[in-house]
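From first to last, the protein sequence lines are chains R and Y.
Note that our numbering has the first sequence beginning at 183, numbered continuously upward.
Note that our numbering has the second sequence beginning at 16, numbered continuously upward.
Calculated from the structure, these hints are not laboratory results.
Quick look at which bits of chain Y chain R covers, simulated, 3 or more residues with Cβ under 8 Å: (1) 133–140; (2) 155–164; (3) 187–195; (4) 221–233; (5) 255–266.
A few chain Y positions that, by computed beta-carbon distances, are all more than 12 Å from chain R: (6) Glu44; (7) Asp81; (8) Lys84; (9) Lys96; (10) Thr101; (11) Gly102; (12) Val204; (13) Arg209.
We put the beta carbon where it would ideally sit given N, CA and C, even for glycine.
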Amino acid sequence: MANNIFVIAEHLNGKVEDITYEMLGKAKELAASAGGEAVAVLLGSGAKGLAGDFAAGKVLYVDSPQLAEFNPEAYCKTIASLVNSHAPKAVLVGNTSQGMDIAAGLSIDCGLPLIAYASDLSAGNVTSQLYGGKMNVESAVEGDRFIASVLAGAFPTDAGKGSGAAVEDVPAPDLSGLKIKFKQLHEPEGGDVDITASDVLVSVGRGIQNEENLEIVQEFADKLGAALSCSRPIVDNKWLPKTRQVGKSGLKVKPKVYIAIGISGAPEHIEGMKDAECIIAINTDANAPIFDFAHYGTTEDLFDVVPAMTGKL
Amino acid sequence: MNIIVPIKQVPDLVEELEIDSSGKDLDREWLKFKVNEYDDHALEEALLLKEEFGGTVTAIALDGNDIDKALYAAAAKGADKVVKVTGLDAHVSNHQAARALANVIQGMGADLVFTGVQSVEDRDGQLGVLLAHYLNMPHISVVTGVTVAGSNVVVKKEYSGGIYAEFEAATPIVLGIQAARETPRYVPVAKVRRAMSSTEMEEVSAGDVSVSAGSSVSRMFKPVSGGKAEMLSGSAEDVAGKLVEIIKSKS
Ligand SMILES: Cc1cc2nc3c(=O)[nH]c(=O)nc-3n(C[C@H](O)[C@H](O)[C@H](O)COP(=O)(O)OP(=O)(O)OC[C@H]3O[C@@H](n4cnc5c(N)ncnc54)[C@H](O)[C@@H]3O)c2cc1C
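Chain R with its partners taken away, still in its complex shape:
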């Protein structure tokens, strides 16, 4: 087992998350060069069927009522015991909401190095995106085993999909006396505007400075017949509802045109909009990562350009 690459499968609401396939594809590649196989680790309750399209050499499946829903404590315990008993060469965990509650714990409980925010990896060498996407850092791992928490969207999903693999049932460790209890899952309330349905999105970020200034972008969006979306800080400030948020913890959008205004392009934002057909960025910082993803850009001040565009519509 020592040359195998573990992938911690992620699912929510009975659906496998894309990050699972993205990591499986990469794991197959790593396993091939290490002389092992990609092993998917799936936890759940009556959830074995979810592994049906995993492109893995093998699936380790742990079933327990305590694992029916994601629970940081139960998942950490179960995965740490599997990693300790199977000693894989590498463990890939999503740098996702669930994965953030797993990876660092595994690092300590299994005594393995962890490299976070991984956007690329090869044997023993992992590239991380740090500083809001403004710097990349390559890390060399001591020893030859490691954990990487992998950014969503870093690898394609196709290579991780297949016809499934042999599933091996593994008994759950003792999960009695958990201090964290799952209560319930809340679905988002419907919003006034469905930003995923709009062909053109005018998207506003912290560069807008204050709530009153939102008028400037709202007027531009109205004239353009576009919906107004935003980055996370705008929602955290309660200037726009959650249903307008694009990104990792918001919505994934794929409009024909995405106009990012005063948005820096942090990885968590990029995750939600990088598949837009045409991306336009307006940002006074020429080094803003958004320009690495945009098709057209300008470093003119948004307070000059946006009203000028409105005037031309």
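Once you have looked at the hints, place chain Y with the ligand on chain R.
For chain Y with the ligand alone, coordinates are given in the frame of chain R:
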């Protein structure tokens, strides 16, 4: 509830980042620092809980990077106590930082430890979860709301697309705060100055931090922009005209 909030200064991304001569780290000589924005949310959520349910809030930080200012600001916002952990290099791995914080927090009788969910420098993993495992406490990350129910807490954890899970947990527990229920409060400079003279900052030694991240940086580089974006030049008026044409032709 006795709430401990570790805070940290991180490079301000508004400034241009440069790489130093080793090619492995930021050029830190002219770096401007600011409090990790998620730590601000962690402190806010702690202060809101204290205001609602009583208890104490302690802000704690490793020495270095202009941290005194940040600790006094926390006091000015309402933290009851501020603690500075000394004896470490200013620039340690998160594994070492978490170990040092665990050494100190261990004896503080914490019910809750709130960290920012992440920072821009977490190369070897997010601090809160590392800290929780060193403290032998359970943890929940990406938290957007906490309330107290008897001796337990009810915690919201956010997933994508606006979905969130609700957990009930026994204390002590470490929570990685993504967003406080309210926008973090602002504190005027004059109030921070007053806090500087009225607050006694406790200094505690980091203790034994002989743990390792198990990896090291081999290279730092700016993402090679695929040269993808075609940059438009001219006056704001010209640029606006060109952009409107592009938008019309692509939509
Ligand atoms: C678990 C987790 C999940 C997250 N999920 C999301 C998510 O779903 N969506 C999301 O967006 N973020 C998300 N984030 C937050 C993310 O990390 C960034 O903090 C956020 O995207 C930054 O938003 P911003 O670009 O608007 O602000 P900033 O990064 O502050 O950028 C503001 C930009 O405006 C520019 N600017 C300033 N003034 C002007 C001007 N006058 N004219 C033009 N440009 C100007 C600046 O140069 C700067 O680049 C998440 C974070 C975490 C930890």
